[in-house]
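Chain F is fixed; fit chain L onto it per the hints.
So the chains spell out like this:
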Amino acid sequence: MATGELNPNHYPARRAAQVVQHYLNTRYGSPYRLFHVERVYSGNAEDVGDSGRKYQLEISVQETASNATEKCSADIFFPRGEQHSPEVQASCVELLKNDTKVQEEALYQQYKMNQTLLTAHHLPDSHGNMEPDMKPFWHLGIVASSFVMLGESTENTLYNMAQVANVTQLPTENDQLKFDYHILLHDMVSQEIIHWKLLFTWSPAEGVHMLKMDQLPHCHDCDKPPNTN
Amino acid sequence: MLKWRKNTLKFGIFLLISSCVLESSNSLVEGLESTRAYDYTKYHPMDEIYKWMEDVEQGNPELVSSAVYGHTYEGRKITLLKFGLKNPEGREKKVIWMDCGIHAREWIAPAFCQWFVKEIVNSYKTNTKLEQMLQNLDVYVTPVINVDGYNYTWVNSSTRLWRKSRSDPPPNSTCYGVDLNRNFNANWGTVGVSFDSCSNTYCGNSAGSEPEARAVMDIVGKMHEQILCFLTIHSAGQLILLPYGHPEISAPNYDELVAVGKAAAAEMKKVHGMDYTVGTSPQILYANSGSSRDWARLIGIPFSYTFELRDKGEFSHLLPEEQIQPACEEAFAGALSIITYVHDKAFNSGTLPNAAGVAITIWSTIIAVSLSTGVLV
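Residue numbers (the numbering used here), protein chains in the order written: chain F, 1 to 229; chain L, 1 to 377.
If we strip away everything but chain F, and leave its shape as in the complex, we get:
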């Protein structure tokens, strides 16, 4: 594995940077705020005895809605052994530049009061499209997925959320909106699509709280071809 100074364009630094992206989205992401890695400036990797490997990165992240770019220094520790979730520490210049409170509050009130609970599927659809009203729920799916992606990441993965297959709103609980999501993750390294079921709550005040995260088995029976001739 690459050790010492890392080439910022090469995959080891890029994969570690993606973990920082997931971390930032779990902590600061919302239906109106998402971060993605813009650039890796420099990086360093070293073994920490037998316990794992530590990366130090200088990166910039971009907030998707506002296009505001922030510089971050981050430490990522990939532990060896049973506990495989990486640990991240990141300090960014100024992460919460854009104020999303108003939009979040409006969304929250709208769906808290709604007579019919929201259901939606395929965000985005096969053509990459989605209703503008559904965009915040696509973003929310990415935030919730980030908890999974953060937990599952290793030096040999590069995760993104590929699609929200299904979202079902459940009755509001303790003033938190509650959701059941079926999401599809894409791992660039294995090229696999991995299905997860997520149960979580969200409110502007509390952010996302994960209640349950279940990986669904790879559906081999789904591969039986319908008549495509």
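In case anyone wonders, no lab produced these hints; they're calculated from the structure. Each hint should be verified, as a subset may be incorrect.
Claimed, not checked - Dumping the calculated DSSO-like pairs for lysine-lysine here, alpha-carbon to alpha-carbon at most 27 Å:
(1) L:312 - F:97
(2) F:71 - L:269
(3) F:197 - L:312
(4) F:178 - F:135
(5) L:118 - L:129
(6) L:345 - L:93
(7) F:71 - L:312
(8) F:54 - F:71
Note that the structure is a prediction, hence the values are computed from the model and not measured.
Quick look at chain L alone, frame taken from chain F:
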């Protein structure tokens, strides 16, 4: 009486010939119009792409011919369009190869091949440099190699993210398909592959076991000495990958491959500001074996690249249709940059470029063309 019959016959033949001419020119016009009416900013299912290929060929017979060079596992035609003009000196023509859609879910790739064709058809009469290149080069474009897989991604929402071919499961398995870009005869089965048929990087049971890969190897193999450049189009990641996928093997012209790749990335960035990273797969993505790009380089085609088009993870393979145009515009600039370089190297005095040198050559070409055509750049 005899004279009357003769005249009637003559007139009848005249009418017959006229109606034939009218009909074929009508279908020419129809062909041209239908290609003009074709929406290049939308994704198209396979039956529409087949029809479009026929229309392009019929509408531009002096430029375009087609060939079926293989059949997929499920028996569908693998078809290419060949673009070229007569060489005024009767010189032997060199070849550019471009293919799209080895991986079924990478919809922006076939969309780009169609866009590329449109650009050639619409500008070769007015772009002197392009016209000159088409007199020296035959450009072979396969809009969709993995027709079965691409077709499958259109069945319903749950099939959209299929990657492999649609070959039958091997014995003792229920999983379909082979990763065609791991099946080529290039260090096959060594790195970055799985021997589990349920895996998305399953390399098949032997090199070239899959009809789609074999079809490419057969046709490219036959003309490989004429081929200057092999471009294979994928998504996503915004990368320009050069050979080889094995971390310990370097192409002999690595430096030149990097320089030309970086020049292409620079041209791409000029279009919409998007960054494309250049390097070997083991450097910037992952190690792999059995790719078409590696196979092409191994048999001696000097320039071989995998283009990974938009995006960098926001939508990945589900790239929105509104991004088709900008993605294709920048990809076209990159592909043209490489094609122009290999053409000029073969047909003018070729000097080893640095990225700046290549960019200057391209830019002065564009200026020259715009001056001669009076088009403002």
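Evaluation of the provided hints:
no.	hint	verdict
1	L:312 - F:97	23 Å, holds
2	F:71 - L:269	22 Å, holds
3	F:197 - L:312	24 Å, holds
4	F:178 - F:135	17 Å, holds
5	L:118 - L:129	17 Å, holds
6	L:345 - L:93	14 Å, holds
7	F:71 - L:312	19 Å, holds
8	F:54 - F:71	20 Å, holds
Of the hints listed earlier, there is not a single one the structure fails to meet.
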